[in-house]
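A.B. asks: Chains as they are written, first to last, in my numbering: chain A, 1 to 496; chain F, 1 to 102; chain P, 1 to 525.
Note that these hints are calculated values from the structure, not bench results.
Note that the structure is a prediction, hence the values are computed from the model and not measured.
Heads up, the beta-carbon is just placed ideally off N, CA and C, and yes, glycines get one too.
Do not take every clue at face value.
With the C-beta cut set under 8 Å, the calculated list includes, among others, these residues of chain A facing chain P [stated by the list, open to error]:
id	residue
1	Ser-211
2	His-236
3	Met-261
4	Ser-322
5	Val-479
Think about it this way: if two alpha-carbon atoms lie no more than 20 Å apart in a straight line, the pair counts; the simulated EDC-like pairs of lysine to aspartate or glutamate are [stated by the list, open to error]:
id	chain 1	residue 1	chain 2	residue 2
6	P	Lys-214	P	Asp-311
7	A	Lys-280	A	Glu-259
8	F	Lys-85	P	Asp-41
9	P	Lys-62	F	Asp-68
10	A	Lys-340	A	Glu-357
11	F	Lys-85	A	Glu-337
The following residues of chain P were derived to be distant from chain A, with all beta-carbon distances above 12 Å [unchecked claim]:
id	residue
12	His-20
13	Lys-336
14	Asp-342
15	Glu-425
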Amino acid sequence: MAYNANMNVADIRAGLLAGDFTAREVAEASFKRIEELDGEVHAFLELTKDAAFEQAAKIDEALANGTFDEMGPLAGVPVAFKDNMNYEGTHTTCSSLMLENYVSPYTATCVAKTIEAGGIPLGKLNMDEFAFGSSTETSAFGPTKNPWDLERVPGGSSGGSAASVAAGLACVTLGSDTGGSIRQPAAFCGIVGVKPTYGMVSRYGVVAFGSSLDQVGPFARSVRDAAAAMDAICGHDPMDCTSQYVKADFRAACEQGVEGMRIGVVPGFMNAPGLTDEVKARVSEATEALREAGAEIVEVELPHADAAISAYYVLGPCEAFSNLARFDSVRYGYCAEGHKDLGSQYEASRAAGFGMEAKRRIMLGSYLLSSGVYEKYYYPAQQVRTLITQDYQAAYEKCDVILAPTSPRTAFKFGEIGDPVEMHLSDIFTVSINIAGNGGMSVPCGLGSDTGLPVGVQLIAPQFKDENMFRAAAALEAVYGAAPIAPDFAAGKAGE
Amino acid sequence: MTQQLTERDVRDIATYARIGLTDEELAQMTVDLNSIIETLKPITEFDLESVDPTFHPIGGLSNVMREDVEVPGFTQEQALSNAPKQQDGSFLIPAILGGGDQ
Amino acid sequence: MKKLEEVLQDWEAVIGLEIHAELTTLNTKMFCGCKLEFGADPNTHTCPICLGLPGALPVPNKAAIESIVLAGLATNCDIEKHSMFYRKNYMYPDMAKNFQTTQGPVAFCMRGHLDLEVDGAGAKERIDLDGLKPGESQGNVTATEDGYVAHVGITRIHMEEDAGKMVHIGGDEGRIAGATHSLVDYNRAGTPLIELVTEPDLRTPEEARLFMQKLRQIYLAIGISDCSMEEGSMRCDGNVSLRRRGSTGLGVKTELKNMNSFKNLHDGLAYEICRQAQVLEEGGQIYQETRHWDPSAKRTIVMRVKETADDYRLFPEPDLAPYDLTDEWIDGVRAKLPELPDQKAARYQKCFGLSAYDARHLVEHRATSNFFEKGMELAGDKASKLAKPLANLAINDITARMNADESFNLAECPLTPARAIELVELIATDAISSKQGKEVFAAVIDEDKDPSAIVDERGMKQVSDTSAIEAVVDAVIAANPDEVARYKEGNTKLIGFFVGQCMKEMRGQGNPKVINQLLAKKLNA
């Protein structure tokens, strides 16, 4: 069988080994599809054809001389990266005018590991500017559209990473998640999205938003593909002090089943105001599905979860304010012309280079860290982090993984949510996981009965026990099947 | 009731953050920041006495260091490859005095 | 403006120092593996981390942490087991990230102290100690035979990183004021830097100078920095305020910068004390400001007025794990602590019978004290006899040579400790005169030969034989009857003339002691 965009990691591996197609053909078909379809989705900001064909040649060579088995878990898999990940020689724009012309002189560890594992790099993906947003509408280069309904947002901030996989333009992509930026777009686009435990995947080379919250993770249409990607990218990196030695085999975890596993459900989440009926219904069904698969369902409490969103909107902007101070027109980035003194060049460059949401977060952080205010918000937010972490620890004495909605609703329309505060509320089920640092992933669980759009269920693991959520995710996939390419982009429809 | 930020406060914050704002943007920013700050109120309402802060969500990880061993870095050309302006192997910037508060 | 000693009659100066030292003896920067090198072409020692590129993350240099702990142990600090790095946020173009990674309220080293021995002219700046008898204390000071010892508190030593370097162009003499542009070089950015902050325990410019000098000796002894004040690897800022003698309140302080030598540190502080006194005596007011010492104009000028305290938005650095040092780890660093200058000086007094003064000056440079010790080893059973002359050679001749010639490297110099011992022994046994000794000292260094060889070559043997000298003395007296007459009339200073004539006759080889004795005997007869 010739290569087609529906294929998962295992299919591609088998096809290459059987000689059904070559890695070069995978690359060619991928770029052909992107060129034909990405105009509608606008997931890609840059294509990396040279690197892709170079990698394909290596793979084909390995196939020819029998060393293919030595290649990593993503050998021959079309992959792409969120545009906040440095990849030497490519633009790393963070979807900001500030970095429109910035060319990376180095490569992020997660990108290097993906390529080392045999991934064929297709390009860089659109996002909310500097990852500030939940809809990819704040990209300076235009929004990405949801392949399930082009009038709707793909979610964000890793909207391009989610939409490209949902449209079958890539098999595996990487995104980053600071408050839900992998899980929420995965839910909106009906695919799998993983935010690993903080410290599981190196952040080196990924442009920081909230350094104590950011974590890199994969998107895929199947749990096993996501597991293969996790096996490729996780592990200690000497370049990231907060990365840790982890011994995990996520692909093996997918085969373990959920027999005897305890799944925690948080009544406070299931009865949260703003949770739509269709999402609640699908998530409840997913809970039942796990029970039927042999898991035990237990109720757990997260009493401080309400404070998470406030803590997040304190900690995120504070860290962002400091992380984005380096964009000053001196070493790189946008530089306003014609200024005789540095002060006015700073102000003009940052005024023109940053979009409104970036400015809001930088200014909010600057305010919250100022003397007298720090004690009132920042310090208490770090104390609240302790309480939230303790909540999770207590909950995990009763269960092995927690199940919750990913997002209170399905994908919204462009412009539907204009108020920044309302936009921030779409993160209510995801941010506490970033605050506590544990792992979370979103898995598709059918379509909403009102909107007909994908619904995601979130599985939340204890710190460094991310394999627990993969076990549950694989059990759900056994019921729901792997995620399809969004109907309008189904492979075969266009150009196969 | 949280004390509201005035436009003047927001102007000061913008100056510190080195972000130029038009009067119109300033007005909108003031509204936005005040409404966001209002949502942060729960943080100020917890009884947090004797709760230690968690600055690093990394469990017991501590003392992470590297050996004092040289690693090859950039050439001068690579270092300056994204420089908006350069001269004689250095980054070129306009006069430091004359603007801002430093 | 009044002179310092006059000002200090009425005013007491309260001085605190902030001393930065770059850990130049390390191989790499604080948070990245870039090479530490002074004077390289601009921007040739950079990487994503020290250039502050988006996405880069810091990883601390273990040797730097060991160095600061060593510095803390050597300055009697408590080592804090639990501390963190913080981000100090402010935008300035020489700081690539626009925040400096530094430490927060808890530094690696807290609550230390150094004792300063102040004597000689420097002790006279402290006019309030008149009447204090040796052994008596007043405040943090204890009087000694020839001065006093001041106990100076160290608030903390914290770990941070240095900024890049800027060259200001288009204005006068590279000054920032008037420049149209600046060039930024990030080679220095990220250099490991430790900042020591003293308590405001210093009272005179001399004490400040001695503190800096003592700290420098300690840092050199523990080998953490080359401590070059000229190249800026050791820098000192001073905070100064005045108060009326007898009052205990604190005046408004100014911060003084650019004191890049021991002399500038002393003179800058002395000037600033006198300036403040003049302003206050004229009914004026001191403003909290940063001032720049201009050594050529011999005055301080305002750099920046601080209207409000700086708000650096300090918060814990999330990219770096906290520190949780164990006793075991700290003891491991303690084991690397070498003998410190004070300990060494005490040993020299005890083992070699040196005076406190000689011992203290000998340990000022590690090179001279190493040299001295090797010499003493070689001297064997003559050590106690040769200790004092060898110490003098090291403190006077060798130190003068080091001060005169920057490139002079004692460790590689032809004057080995063995040759030095030979030289001081030649002098001590009257084989050559001390004047000849100076000539031999220079010749050994210039010609790379043993002292005995030089003495032989130049026929320098000192003649101590009384009969040989007596003949010369008699001849000189006979040849200068006028001078003899004037001498006898009471112009005894002419003895020098006769000695010179005798030495000339003997081509410098006569033992001056014997010549003197014989001349005195004959002329006074």
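A.B. asks: Work down the list of hints and note, for each, if the structure agrees.
C.D. replies: A quick look at each hint next to the structure:
A least Cβ separation of about 4 Å between A/Ser-211 and chain P falls short of the 8 Å threshold, and the interface hint therefore holds. Annotation: interface hint on A/His-236 violated; nearest CB of chain P at approximately 12 Å, more than 8 Å. Among the interface hints, the one on A/Met-261 is violated; its C-beta lies about 32 Å from the nearest C-beta in chain P, farther than the 8 Å criterion. At about 5 Å, the closest approach between the beta carbon of A/Ser-322 and any beta carbon in chain P falls short of 8 Å, and the interface hint on this residue holds.
Hint on A/Val-479 is violated. Least Cβ distance to chain P is approximately 39 Å, over the 8 Å limit. Restraint check for P/Lys-214 and P/Asp-311: not satisfied, since their Cα atoms lie roughly 33 Å apart, outside the 20 Å limit. Between A/Lys-280 and A/Glu-259 the alpha-carbon distance is near 24 Å, which puts this suggested pair outside the 20 Å criterion. For a cut-off of 20 Å, the pair hint linking F/Lys-85 to P/Asp-41 stands: about 18 Å separates their Cα positions.
In summary, the hint linking P/Lys-62 to F/Asp-68 is supported, as the alpha carbons are separated by about 7 Å, within the 20 Å threshold. Our distance criterion of 20 Å between C-alpha atoms is broken by A/Lys-340 and A/Glu-357, whose separation comes to about 28 Å. Proposed proximity of F/Lys-85 and A/Glu-337 is supported: the alpha carbons are some 10 Å apart, at most 20 Å. Against the 12 Å criterion, P/His-20 stays outside the reach of chain A, whose nearest CB is about 23 Å from its own CB.
Every beta carbon of chain A lies more than 12 Å from that of P/Lys-336, the smallest distance being close to 24 Å; the non-interface claim holds. Every CB of chain A is more than 12 Å from the CB of P/Asp-342 (nearest about 38 Å), matching its label as outside the interface. The claim that P/Glu-425 is not at the interface with chain A holds, since no C-beta of that chain comes within 12 Å of its own (minimum 57 Å).
In summary, the structure is inconsistent with hints 2, 3, 5, 6, 7, 10 from the numbered list given earlier, while agreeing with the others.
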